[in-house]
Amino acid sequence: MSYLNINTNQAAPASQEILQQIHAAFGATPNMFKVVANSPAALKSMWSSFGALGSGTLGAKLGEQIAVAIANRNQCEYCLAAHTVLGRNAGASAEDMANAQIGKSLDYKTQAALTFSLKIVEKRAAISQADVEAVRAAGFSDGEIVEIMAHVALNLFTNYVNVAFNVPVDFPKVVLKTN
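For the sequence shown, numbering that gives the first Met the number 0 begins at 0 and goes up steadily by one.
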């Protein structure tokens, strides 16, 4: 059971419009958004970030692969389950998502993005110029590198929300893997 309220009927009026958008997008309101709806500002920030990054230059598939790698690293069962489904919906194969979960990809460019993302998480952003040069050498522009950082930041927030507040998983469960 969640440590915070997940009854959307009790959500602030400022959260209700966004919750309606989320419900329309998913066909239901995932528990994570119900928890975040306790703060209209946090919900607006999260939903806007998902929208902005969803229409970014990296593409949905890579964004979801980054998300599952970070979720697995942070032991966030909720995000792992949700982003595995979303990744499959974005065109990733089951193998792509299973590999991404442990920070791996058969695609060179995707591998570089996953390696970079996980270094950001592991080193708490204290990455080196060589780390940036490696992802740039794989074909990412400076704008795309910043966008990878934005994906990392959003996923850290969602992982922390779900782990800290014990949000019940409402997507098909995916087993965490050791890296």
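Check before you lean on any hint, since a few could be wrong.
Quick list of the computed label-pair ranges, beta carbon to beta carbon [what the hints assert, rightly or not]:
1. MET0 with ILE144: 35 to 45 Å
2. GLU94 with ALA40: 37 to 47 Å
3. MET148 with LYS172: 24 to 34 Å
4. ALA27 with MET0: 26 to 36 Å
Cut-off 20 Å, straight-line C-alpha distance, at most; resulting in silico cross-link-like pairs (EDC-like, lysine to aspartate or glutamate) [as the list claims (entries may be wrong)]:
5. LYS176 with GLU94
6. LYS122 with GLU94
7. LYS118 with GLU143
8. LYS176 with GLU121
9. LYS103 with GLU121
10. LYS118 with ASP141
11. LYS172 with GLU94
12. LYS122 with ASP106
13. LYS60 with GLU143
14. LYS122 with GLU132
15. LYS176 with GLU143
16. LYS60 with GLU94
17. LYS60 with GLU16
18. LYS108 with GLU94
19. LYS118 with ASP106
20. LYS108 with ASP141
21. LYS103 with ASP130
22. LYS172 with ASP130
23. LYS108 with GLU143
24. LYS118 with GLU132
Please keep in mind that the hints were generated in silico from the structure rather than gathered at the bench.
Backbone N, C-alpha and C define an ideal beta-carbon position, used for all residues, glycine too.
Each hint tested on the structure:
| no. | hint | result |
| --- | --- | --- |
| 1 | MET0 with ILE144: 35 to 45 Å | holds, 40 Å |
| 2 | GLU94 with ALA40: 37 to 47 Å | holds, 39 Å |
| 3 | MET148 with LYS172: 24 to 34 Å | holds, 29 Å |
| 4 | ALA27 with MET0: 26 to 36 Å | violated, 19 Å |
| 5 | LYS176 with GLU94 | holds, 14 Å |
| 6 | LYS122 with GLU94 | violated, 27 Å |
| 7 | LYS118 with GLU143 | holds, 16 Å |
| 8 | LYS176 with GLU121 | holds, 16 Å |
| 9 | LYS103 with GLU121 | holds, 16 Å |
| 10 | LYS118 with ASP141 | holds, 17 Å |
| 11 | LYS172 with GLU94 | holds, 16 Å |
| 12 | LYS122 with ASP106 | violated, 24 Å |
| 13 | LYS60 with GLU143 | holds, 14 Å |
| 14 | LYS122 with GLU132 | holds, 16 Å |
| 15 | LYS176 with GLU143 | violated, 28 Å |
| 16 | LYS60 with GLU94 | holds, 13 Å |
| 17 | LYS60 with GLU16 | violated, 28 Å |
| 18 | LYS108 with GLU94 | holds, 17 Å |
| 19 | LYS118 with ASP106 | holds, 18 Å |
| 20 | LYS108 with ASP141 | holds, 14 Å |
| 21 | LYS103 with ASP130 | holds, 17 Å |
| 22 | LYS172 with ASP130 | violated, 33 Å |
| 23 | LYS108 with GLU143 | holds, 12 Å |
| 24 | LYS118 with GLU132 | holds, 13 Å |
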